[in-house]
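Q: Each chain, written out:
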Amino acid sequence: MNVRILYFARLREAFGTSQEAPALPADVATLGDLLDWLRARGGVWAEQLGPGRAYRMAVNQDVAGPEVRLQDGDEVAIFPPVTGG
Amino acid sequence: MNVRILYFARLREAFGTSQEAPALPADVATLGDLLDWLRARGGVWAEQLGPGRAYRMAVNQDVAGPEVRLQDGDEVAIFPPVTGG
Amino acid sequence: MKIAVQTEPFDLAAEVEALYHDHPQVGAVASFLGITRDRNDGEGVAAMTLEHYPGMTERALERIVAEARSRWDLLDATVIHRVGALKPTDPIVLVAVAAAHRGEAFAACEFIMDYLKTRAPFWKKEATADGERWVDARESDDNAAARWVNRLAKP
Amino acid sequence: MKIAVQTEPFDLAAEVEALYHDHPQVGAVASFLGITRDRNDGEGVAAMTLEHYPGMTERALERIVAEARSRWDLLDATVIHRVGALKPTDPIVLVAVAAAHRGEAFAACEFIMDYLKTRAPFWKKEATADGERWVDARESDDNAAARWVNRLAKP
Chain B
51 MNVRILYFAR LREAFGTSQE APALPADVAT LGDLLDWLRA RGGVWAEQLG PGRAYRMAVN
111 QDVAGPEVRL QDGDEVAIFP PVTGG
Chain A
51 MNVRILYFAR LREAFGTSQE APALPADVAT LGDLLDWLRA RGGVWAEQLG PGRAYRMAVN
111 QDVAGPEVRL QDGDEVAIFP PVTGG
Chain R
171 MKIAVQTEPF DLAAEVEALY HDHPQVGAVA SFLGITRDRN DGEGVAAMTL EHYPGMTERA
231 LERIVAEARS RWDLLDATVI HRVGALKPTD PIVLVAVAAA HRGEAFAACE FIMDYLKTRA
291 PFWKKEATAD GERWVDARES DDNAAARWVN RLAKP
Chain G
171 MKIAVQTEPF DLAAEVEALY HDHPQVGAVA SFLGITRDRN DGEGVAAMTL EHYPGMTERA
231 LERIVAEARS RWDLLDATVI HRVGALKPTD PIVLVAVAAA HRGEAFAACE FIMDYLKTRA
291 PFWKKEATAD GERWVDARES DDNAAARWVN RLAKP
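Sequence order for the protein chains is B, A, R and G. Note that the first sequence covers residues 51 to 135 in this note's numbering. Note that the second sequence covers residues 51 to 135 in this note's numbering. Note that the third sequence covers residues 171 to 325 in this note's numbering. Note that the fourth sequence covers residues 171 to 325 in this note's numbering.
Hints in this document: simulated from the structure, not taken from any laboratory. Please read these numbers as outputs of a predicted model, since none were measured by experiment. Glycine included, C-beta positions come from ideal geometry on N, C-alpha and C. Treat the hints with caution; some may be incorrect.
Straight-line Cα separation of at most 25 Å, SDA-like style, residue types lysine to any residue; simulated pairs [what the hints assert, rightly or not]:
#1 R:Lys257 / G:Thr177
#2 R:Lys172 / R:Asp208
#3 G:Lys295 / B:Ala73
Rough simulated footprint, nothing fancy, chain B against chain G, three-plus residues with beta-carbon under 8 Å [to be verified]:
#4 203-216
#5 280-288
#6 293-306
Can you build the whole structure from these sequences, using the hints too?
A: Below, the structure is given as structure tokens:
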């Protein structure tokens, strides 16, 4: 399965990239699985997405939780709590 | 005692005058006394200032109740409930 | 603080800009524009005349704004109310409040409007197809103002 | 309904006027202007950059306005949010709501701002004397938004 992952603000800077389109292994079925897969990269990935860190996720531009199932071609986003207005 | 009495809006039209400066008899000491004295004119005065009619009063541009004592030279106003904004 | 009662139109952008332009501590301006409608209580309104009590009106508005400033941490406020002849879509009143944060600005702006509606000596007369009529005071306005009596700040 | 995310400044007077000029049923326009301050959390702020999530931002704002329209009897609403480089006293956001009566306009305007602050994907980065820093989300904004959850209209 291929998804596009977008990163914003503090996370974009920490990861040093604004987006990627990885080919995911077959055992990544949900957003929670994707987070585990990203954390397994270690370093800033494990740190920024680790326990106690505040971040939000969206799938196809709707806020989503770890239980949401991913589909091929989904646009996933991971970003800090919002601070506009 | 001389006071100036101003009338506004519906009351100004009903009384046919926007102001008057009557010389008041000695027994008119409070705003309530003044209202009794005006009502004693009968006609529209008794009607518009009669029981059950909604109106407000001010003395020297502050909202005032019937217990307020009048002084020579006071500016009294009698008007309907306000409807600005 | 600016309080004005005038027959002329006012300039919304200029009035709001004056509240923040040279004041970089302002983070929020809440404003309210009251506008002449073409209907009221189910009847068409072709025009309106606003009467006021010169002197007492300004005094009442100043007190209302002072009360708002004592309740909330405000940086500035402007109230402009028009009088005289108005027609539908003409602005009647502008209340604009500047504060560091939005909660104070919103609360104070609504408070000033609610108190203005029940305490500032203005009276509206509407021209309808059946002739002229004085607008009656609304109980809903008394209720709106009463909400603030036991409330020092927003919940 | 107008939703815009843009780098350019906006014209407050033109945006507000568009809500009532040809709409004589509008009696009230409540509006809110959020402005860049020169201080935040006790530190001087020389400039700010606003980042957003194109596509999702517009979608989030549309939903917030739709939610406001389902809660209150509104006639129209405009939300404009700037992104990119901003300096102190620059307007950031405009929310303007038109209704027949003021209670609806005030409530919906504040609701839209509270939800925008917690649900629309914008991020602020401030330039201070110590360098750049991302602004942290505030608990007070979460609390402000939470007030509306069990509240269909104003008390």
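Q: State the violated hints by number, sorted upward, taking the hints as numbered earlier in the document.
A: 1, 2, 3 and 4
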